[in-house]
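Sequence lines, in order, name chains V and E.
Quick note: the first sequence, position 17, residue 34 per the working numbering, numbers continuous.
Quick note: the second sequence, position 179, residue 168 per the working numbering, numbers continuous.
Do not rely on the hints blindly, as some may be mistaken.
[To be verified] The calculated lysine-lysine pairs, modelled on DSS-like cross-linking and capped at a C-alpha distance of 30 Å, are:
1. V:Lys333 <-> E:Lys55
2. E:Lys55 <-> E:Lys34
3. V:Lys284 <-> E:Lys288
4. E:Lys318 <-> V:Lys358
Read the hints as simulated data drawn from the structure, not as lab findings.
Single-letter residue listing:
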Amino acid sequence: MNFDFSDDLKQLRDQARRFLAEQCPPAVVRRSLEGQEQFAAELWREIGKMGWIGAAIPEQYGGAGLGYEGLCVLAEEIGRVVAPVPFASTAYLAAEAIQTAGSDAQRAEFLPRIADGSTIGCFALAEGSGNPTPSSIHAKVIGGRLTGAKWPVADGGIADIAVVVACDEHRQPGLFLADLSGVRRHDLQTLDPTRNHARLDFEAAPVQRLGSGGWGAVQRLLDRAAILLAFEQVGGADACLQMARDYALERYAFGRPIGSFQAIKHKLADMYVALELARSNAYYGAWALGADATDLSLAAATARVSATEAFHLASKENIQTHGGIGFTWAVDCHLFYRRSKQLALTIGSGPFWKDRLVDLLETRNAA
Amino acid sequence: MDFNDTPEEAAFRAEARAFLQANAETKAGARPVLRQSGIDAEGVKRCKAWQAKKADAGFAGLTWPKRYGGREASPILQVIYNQEEEDFVVPRGLYEIGLGMCIPTMMTYAKPEQLDRYVKPALRGEEVWCQLFSEPAGGSDLAALRTRAERDGDDWIINGQKIWTSGAHLSDFGIIVVRTDPNVPKHEGLTFFFLDMKSPGIEIRPIHQMSGARHFNEVFFTDVRVPDSQRLGAVGQGWRVSLTTLMNERLAVGDVQRPDVDDLIELTRKMRIDGKPAIQDGAARERIAEWYAQSQGLKFTRFRTMTALSRGETPGPENSIHKLVNASKLQDIASYGIDLMGANGLVVEDELAEAYAMFQAALLSSPSARIAGGSDEILRNIIAERVLGLPADIRADKGIPFNKVPTGRR
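Turn these sequences into a full structure, and let the hints steer you where they fit.
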């Protein structure tokens, strides 16, 4: 039994944690929150230089070849500091789509530019309200040209390329790759301004097909991204628990630290329990990604359900532990509360993944 | 990452599996064993026979010294054996406390000649041990116990009452913590002994539980004589010895209790909501998904613990998570499953009830799971204080001689 990250990856995690603590303090996150910049471009460049974006991209395409476990470790640290960078959109979605569904030529053309940070990617799935289903896709591609509106698209306002879910001439949904340079788009105000979101209006935009897979290819992409996002959620939840713990030790009421009250202890214990369950499920997801396991989909849905729950609980109870000060703009609790919702809603929200999880259980039990 | 055994672990796993296959029935397809009632005489016989067989084959007390019949194996092998045994129907419920808590405490504090006398018979199941800790006045606040022991020459004389003693009526020996000095603060006045459960002056009365079972007992002590040679640890050091006992509880891997998520899925295929199988109902699916994610989370948390064990690390208080999550999950799954049955959820008759009435059995037994061996609240305190490092609560009894501590009306 060796169910833990290797010493090398733990070292990478420690380095990433130190780097981000220094380069991505709350002040950096707040520049995006308050609209001074769309994202932390300088931090993004540094992350690109260090090879994080291409962690799971094979070396032949300019990646670091650290494998998926490496990307998982980095995702947790990105989540811990609620980094205002298009890491998930670019690394877990755009690069993954090209890597898993694209042709050799497409990989060779796009992956090196993604790996070094010069090309930002996004994933255009949603078309307004509702969770993703094949019938929710109205964008269509005719004669290699895409028409349709996609919103909200995370990092859509800053991306250079988009992986788009659209229907082909036979009305079958699939994955397409679009250059966004000529595409009309505008930023959207959202619950979490620390991540750029936009509406993209494609009007006969030239696109190329990514593979020949239909909805199955879309779902595979969502599964893989769900595991990586679970690590971001675990990182965020861990940060909330640490914040709540530190505050419970330092804040005195009735002549004693509030952390000595059982009401606070039990709240923090519940946050810890949810976090540990989520972490363990995310670890299994990391293994499944690395091993391309047959139960990857079930592992992904399980990790996603746990991590969404853990981050939601931790972010709201962190505010509660802080009391009134936790509700102020100046204190950082709300950065995590916002991000917890952003991560929960992107690529399908809680009910979507719970339903999928039971679908997968039914299939497994029938086998 | 991988889930592979080391060569040594794999060899041991194969050996354990071969032993189990040759000597026990697999669980697959077997009717679930419900611990509705206590162990009867027939059950005791089965437990004893199984334990002797297990000990003779070298699968009991794996981590114990060889001179007492153990293998001096790494704790990981114990976990592997437990995992394998999970797949088989084996008699349980008589030795967990004795071998999991009492004898390990003896091994830390008893004299070598006492170990030579007691350990092997315990390991072979010839002698049963119980643990006499809780009292009417000392449950979660265990150190508030009031049973007295007074020195009389080479003996101590015990008077008082213990409660919630599992298997006391089936036990040959017990370990006990008692108050030897009420004039000092509560943790300082305790002393620890082992004793013969057949000693004159011991009276055992079964407790009729809300589930209908009689698994626990009240144990009354009237002028019970215990030789000073049976003291474990110094006079006044009983609390420290008790902590050794309780630490051993952490490594114990609890039974997977039924009904589990798979049982619930099975039930939701059969029960109907709005004319359709309940498993097609959105609300039912959400709950199944949540409980499944919890179960898997615990399973993989255990894998992480096994990884630490494999590397020679010792699991700490973070292990409290298992019972805390499992006990409530059991109660909630039981209650939800029964709700799906409608009015027939009330019925526990064998031929009429769904799923062998295991949901109903769990509804009535699960409150005990949330209390016994550290209540939910105590486990949360342990996580908060010992894992997260929050300060201990302010105590009204701190530094006060035990006999001056307020006790309310009782």
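Results of checking the hints against the structure:
1. Our distance criterion of 30 Å between C-alpha atoms is broken by Lys333 (chain V) and Lys55 (chain E), whose separation comes to about 53 Å.
2. At most 30 Å may separate the alpha-carbon atoms for a hinted pair to count; Lys55 (chain E) and Lys34 (chain E) meet this at roughly 27 Å.
3. Of the pairs offered as hints, the one joining Lys284 (chain V) and Lys288 (chain E) holds, with about 23 Å between alpha carbons and a cut-off of 30 Å not exceeded.
4. Between Lys318 (chain E) and Lys358 (chain V), the direct Cα distance comes to roughly 26 Å. Compliance with the 30 Å bound is thereby established for this hinted pair.
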